[in-house]
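Go by the hints and put chain B onto chain A.
Listed below, chain by chain, are the residues.
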Amino acid sequence: MKFTLSWLKEHLATDASIDAIVETMTMTGLEVEGVENAGEKLGAFTVARIISAAKHPNADKLQVCQVETKLGNLEIVCGAPNARAGLVTAFAPIGTYIPGSGITLEPKPVRGVVSNGMLCSGAELELDTDADGILELDPELKVGTPLAEALGLNDPVIDIEVTPNRPDWLGVAGIARDLAAAGVGKQTTKPVLPVPGRYPSPQKVATEDTHACPMFAGRFIRGVKNGPSPVWLQQRLRAIGQKPITALVDITNLITHDRARPLHVYDAAKLNGVVRARMGKEGESFKALNGNVYNVTPAMCVIADDERVLGLGGVIGGEYSGVSETTTDILVECAYFDTTITHQTGRALTLTTDAQYRFARGVDSGFVVPGLELATRMILDLCGGEPSEIMVAGDLPPPPKAIFFDPDRVRQLAGIDVKPTRVRAVLKDLGFETSAEGQGSKRIIVEPPTWRRDVEGGADLVEEVARIEGFDKLPNNEPPRANGFRAPPASVGESRTRLARRAAASLGYNEAITWSFCSRAQAEAFGGGGEDMLVANPIASELDCMRPTALPHLLAAAQKNADRGFDDARLFEAGPAYANTNDGGQQRTLAAVWRARPSRHWRAAPQPDIFDAKRDVLMILEAIGAPVASLQTFSDAPAHWRPGRTGALKLGPKVIAYYGEIHPRTLKAIGVEAPALAFEIFLDALPAPRAKGARAKSPLEKLDLQPLTRDFAFIVDDKVTAQDVVRAAIGADKALITDVNLFDVYRGERKQAGKKSLAIEVTLQPKEKTLTDAEIEAASAKIVSAVMKATGGMLRG
Amino acid sequence: MICMGRTFRKDWDATHTTMFHQIEGLVIDETTSMADLKSVLTAALKAYFEVDDVKLRFRPHHFPFTEPSAEVDVGCDRSGGTLKIGTGDDWLEILGCGMVHPNVLRNCGIDPEKYQGYAFGMGIDRLAMLKYGMPDLRDLFANDTRWLKHYGFSPFLLPGLAQGVG
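Residue numbers (my numbering), protein chains in the order written: chain A, 1166 to 1962; chain B, 255 to 420.
In isolation and in its complexed conformation, chain B is listed as follows:
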């Protein structure tokens, strides 16, 4: 299951806006493990960033609705005031994920002794910012026509497995 949409929070700075867009994914079956989660996210992020050797780091974290939980960092280079993905020794957090907490399954009427699975969520605004080297998240919502024309895509360029997301 995958879904996306507008999400809201009370935060405001160069990397946090009060409204942003989130993609969330969920898999529940009898065998899906954290290793599958890591593998799927690794493949998806490599495809997204279009960098073969993009460095990713799964780091233990705490979220109330997953157990175990992890945050994923992407390797980057922040020298010179710009941000580059795929090189460098720095890390930047890009998403949170984990194995769905047994209490969540139980509250949905699913037997956690039998079923298990993973969930993840990431902000596509922040991911876009990283991929295209945009310095300020707030620019995505400023609607400056110069910016829109510069970062915009052709309406006829459809995303797909063959040509990526453009």
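So that you can see chain A by itself, here it is in the shape it has in the complex:
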């Protein structure tokens, strides 16, 4: 919403500076987007008159003009075809910067004739796009008048963002009301005086759908003379970016911005039968004033006569019945349209007009007939004509409900002390009627004005008083400080994530944050991309699906870093993964990728491998308190992991982590070049920590006796895992065996095909007395038989 300072001052008597006005607007809730002074860049330009124009001696298309300027009479070369004696136009002296062409004028001869300045077109001044001729100004203007003043552009234009609850701020009068209430001046909006009708209207109006259009008021005016509107009106509209059309149209546009009251004018000669508001019918269409043809649906409110759809009610008029310079008889429409239907029509057609914007937010139900009277008055003043009586179809909605309000609510809710008399005064300034409830009651009865349908209860009234008093009056209370926490401030999932994040960072991974969305193709490459995971309203096609894992983004980020020449990336992200739309379908995960530059260190392995990934996973799991000793290792993983170079850690049936290499096919699908290690930990799959109270640790058992170790080697089938052997051994004597570790894998020439040798070290911890040889032998025998039974292997000879 834009308006000029001088326009505001027609509704507000004030001496306040533009800065003070803007500051008050901001602090009462009117968000000022900017203040523009279009006149500033026109500072050097003035009005001049051409005395004579003669053909240039050396050029066909140029003229040499004698021009009366504020610097005296000057000779100026001009190429415009409309340069002629008597023309009043815009003059720029030597040294002026011409905004439209980007040049600064120098005193240099044009084909042998020195030009002492320049006469300018609208395009050169960036006023419009007209480059065909120089400006043609009002011949009454005095030579030397600043151009900004002559064009009415020396008037600051204020641009505000209006919140949806305040449609009354979509008119200058409504803004003046709030500024006056906030103490910036006195509102001087003139009351609307009715214009008596001289005859019954020959043109009937009706509303056939009182939900979509509760009220339709119309007035016939005959014998008008339409044409360009007066200069002041054109300037006012131009200043706020509106294009002047004809007086009749300009009047409706002015009232739209002045009173937030859209109107429409029909050429009565084009109308057939009753003009009515009704719902559209399937198959109907019409050509609108913007040149587009719109198909109407039964969800839209149209204005139609007996023959055709004339326009969309409250949205846009039709070309057929629009007024032109030859129009003599008119119908002026001033109606009240439903907010929701207008809003939905605008959305369905992606069409926002000044009228639609206002009706969708709600216009003042108390200003239907007055709006029509105001328009009549202006039409009679500018176009003449003879008005009929006003016709009104339908009924107005009831006024907003009265609110019983205790003025002390302002102190209770906002924390500002405001006297009850002041509360009432503020509300009155904003147009609310207040009266005492009666004897013995502190409450007052507040009736909101018809333009404030957003006000429904006491809290709204508190806001009105608080914002007019000013939020800077809110006292500063000492904030309470909690004495520690009774409950843990973070949930289990949150603390786990926090610990996992710190553990990963301390292992040398950098924390990344990537989108929760990805492309459907990326999702599909990582086992996701189901129909239910698509985003309804994505910002871009590459972000149209909820991600099944953070891995594709991390791999892409590593690739991007490599493309920049930083090919040593270790990235992790602690964030959500989205499996499905069920409860629990969103999981906390920690995903990481490690894309290593080949090491040149003489003692290092050239590349990290799956065991490095496994080590990092286990270190992170250890850090977050996961039962690492109970985890089992498997080699199966989803299809985006590379078979044979991937591991899965499980706790019972639950997968706690995958680690290893991403499948080359998957990398190719998402455009990543080099192989990368990765892992993904499913934090929510871990069991909940033991309940409070059970957290106390059991006493430490410090044994005096030394542990001893024994080594065993087993020949087993290739498919037997080290884990199988270790678990069997550890289970052989739970009281005595405290640790089992694999230390060698051997596939030598002497072994049979399909077999391997696994060597383990078993730690025995005696508790009461030193073990005898016989006891050690017995334990060894138990270990051997347990392993042989579990794996089908045999002790290596």
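Just so you know, the hints here were simulated from the structure itself, not pulled from any lab data.
There could be a bad hint or two in this list.
Stated by the list, open to error - The calculated lysine-lysine pairs, modelled on BS3-like cross-linking and capped at a C-alpha distance of 27 Å, are:
(1) Lys-1884/A - Lys-1779/A
(2) Lys-1725/A - Lys-264/B
(3) Lys-368/B - Lys-1566/A
(4) Lys-1819/A - Lys-1899/A
(5) Lys-1226/A - Lys-1273/A
(6) Lys-1206/A - Lys-1167/A
(7) Lys-1725/A - Lys-403/B
(8) Lys-368/B - Lys-1607/A
(9) Lys-1435/A - Lys-1369/A
(10) Lys-1584/A - Lys-368/B
(11) Lys-309/B - Lys-1638/A
(12) Lys-300/B - Lys-1638/A
Said to hold, decoys possible - Calculated from the model, a selection of chain A residues having no Cβ within reach of chain B, i.e. all distances over 12 Å:
(13) Gly-1298
(14) Leu-1398
(15) Lys-1408
(16) Val-1458
(17) Thr-1515
Glycine included, each C-beta is placed from N, C-alpha and C at the ideal position.
Coordinates of chain B only, in the frame set by chain A:
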């Protein structure tokens, strides 16, 4: 009650990303007023920016779930193409807040005649951007290792009342 997490919107420019992180707070009791809201946010933001005389402005606004509603602006200096908090005559919006709308309380089965309180929400990405003078919000999501190393913190630096957020 305070909570934080990922939030999403359909927006994309230097100060808006399609995904960002929001911290939201809510207090409901019988007496908490807008003055308390202002005081708590003022104290929290001063602590966060680590600037004692950080200028804050509470400006009336409209949100559907609060009444009265306000936006908070922080005083800043935008001259020279950079953004500095704590000096200058410019303002930058950083958060929205207000007194919880009676309809919200009612819909939660809480009597708005008896109980009242405030709510606020702010984007921590934008706040981080302001504190550290980062010019483009999108950099926070670009995962350039040079950027991550430059703006990153030690994993052993724990936030707390004693040493702040680092």
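Subject >> Pair hint Lys-368/B and Lys-1607/A, alpha-carbon separation not exceeding 27 Å >> reply: Within the cut-off at roughly 18 Å; holds.
Subject >> 27 Å limit on alpha-carbon distance, applied to hinted pair Lys-1725/A and Lys-264/B >> reply: Distance of about 25 Å is within 27 Å: holds.
Subject >> Satisfaction of hint between Lys-1638/A and Lys-300/B, Cα-Cα up to 27 Å >> reply: holds (19 Å)
**OP:** May I ask you to check that Val-1458/A keeps its beta-carbon over 12 Å from the closest beta-carbon of chain B?
**Re:** holds (29 Å)
**OP:** Starting from Lys-1884/A, check that the Cα of Lys-1779/A is at most 27 Å away, please.
**Re:** holds (20 Å)
Original post:
Does Lys-1725/A pair with Lys-403/B here, judged by a C-alpha cut-off of 27 Å?
Top reply: holds (16 Å)
Original post:
Would the pair Lys-1584/A and Lys-368/B pass a check requiring their Cα atoms to be no farther apart than 27 Å?
Top reply: OK: Lys-1584/A and Lys-368/B at ~22 Å, within 27 Å.
**OP:** Mind checking the alpha carbons of Lys-1435/A and Lys-1369/A for me, to see if they're no more than 27 Å apart?
**Re:** holds (14 Å)
Subject >> 27 Å limit on alpha-carbon distance, applied to hinted pair Lys-1206/A and Lys-1167/A >> reply: holds (19 Å)
Subject >> Assertion that Lys-1408/A lies outside the chain B interface [Cβ separation over 12 Å] >> reply: holds (29 Å)
Subject >> 12 Å cut-off, C-beta based - Thr-1515/A kept clear of every residue in chain B >> reply: Holds: least Cβ distance 15 Å, greater than 12 Å.
Original post:
Holds or violated: Lys-1819/A with Lys-1899/A, Cα cutoff 27 Å?
Top reply: Judged against 27 Å, a Cα distance of about 25 Å means the pair holds.
Going down the numbered hints, you'll see the structure goes against none, and every one checks out.
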